[in-house]
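K.L.:
Per full-length UniProt numbering: the sequence shown ends with 156, consecutive numbering throughout.
There may be inaccurate statements among the hints.
Simulated DEER-style distance windows between Cβ atoms [stated by the list, open to error]:
1) Asp127 / Ser154: 41 to 49 Å
2) Gly71 / Ser147: 32 to 40 Å
3) Phe81 / Ser126: 18 to 26 Å
To be clear, the hints were calculated from the coordinates, so they are not data collected in a lab. All residues carry an ideal CB built from backbone N, CA and C; glycine is no exception.
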Amino acid sequence: ATMGVPYLYLRIICKDASPLINLMEHGLMRRAFVLAGPVGCLATAIIVVNNLRDRHTDIRTRKMTLAVRFGDKFSRQEYAFLLIFSYAILIPLAVKCSPYYLLPLLSIPIAIPDFKAVALKEKDGSDLNAHVGGTAKLQFFFCLFLSTGIKLSSTP
1 ATMGVPYLYL
11 RIICKDASPL
21 INLMEHGLMR
31 RAFVLAGPVG
41 CLATAIIVVN
51 NLRDRHTDIR
61 TRKMTLAVRF
71 GDKFSRQEYA
81 FLLIFSYAIL
91 IPLAVKCSPY
101 YLLPLLSIPI
111 AIPDFKAVAL
121 KEKDGSDLNA
131 HVGGTAKLQF
141 FFCLFLSTGI
151 KLSSTP
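All chains should be built: construct the whole structure from the sequences, respecting the hints.
P.N.:
Right, dumping it as structure tokens:
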């Protein structure tokens with residue numbers, strides 16, 4: 001159903017969109033949308049750590065980030081959810097498509113220090129500076145392993 005509207009649009013209105021239609025018919029577009037989820041979650045996690053770090057200043061300047069609006073506990077739970085979801089979505093993908101989609105699990109050792117510091121409330125304020133970059137590093141390696149998995153799964 002989600003792909004129905006773009007499919008009809010490309011099929012009826014854009015007559016020269018046959019390469020895109022072929023991708024949609026073979027489920028590759030659907031897989032791309034699913035794979036965008038964990039990548040987007042990790043990008044959001046970078047912003048969450050940044051907002052959590054800056055929330056005391058943001059309160060004084062009346063900048064209404066989610067960390068200011070909903071508080072410390074919410075932001076830490078949001079961070080935990082974003083990281084856990086990024087890894088959890090890989091399991092059904094590996095079962096349905098290819099075990100190579102599990103390659104990003106190799107980035108878990110990179111995630112552990114940031115997860116402990118942010119989600120388990122070990123650090124606050126400027127002590128979170130390293131974890132903004134740490135989460136960006138996590139996203140880099142996660143995406144590197146994910147793209148390797150995609151390439152290996154498409155190789156005959």
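K.L.:
For each hint, tell me whether it holds in the structure or not.
P.N.:
How the hints compare with the structure:
{"no.": "1", "hint": "Asp127 / Ser154: 41 to 49 Å", "in the structure": "42 Å, holds"}
{"no.": "2", "hint": "Gly71 / Ser147: 32 to 40 Å", "in the structure": "36 Å, holds"}
{"no.": "3", "hint": "Phe81 / Ser126: 18 to 26 Å", "in the structure": "24 Å, holds"}
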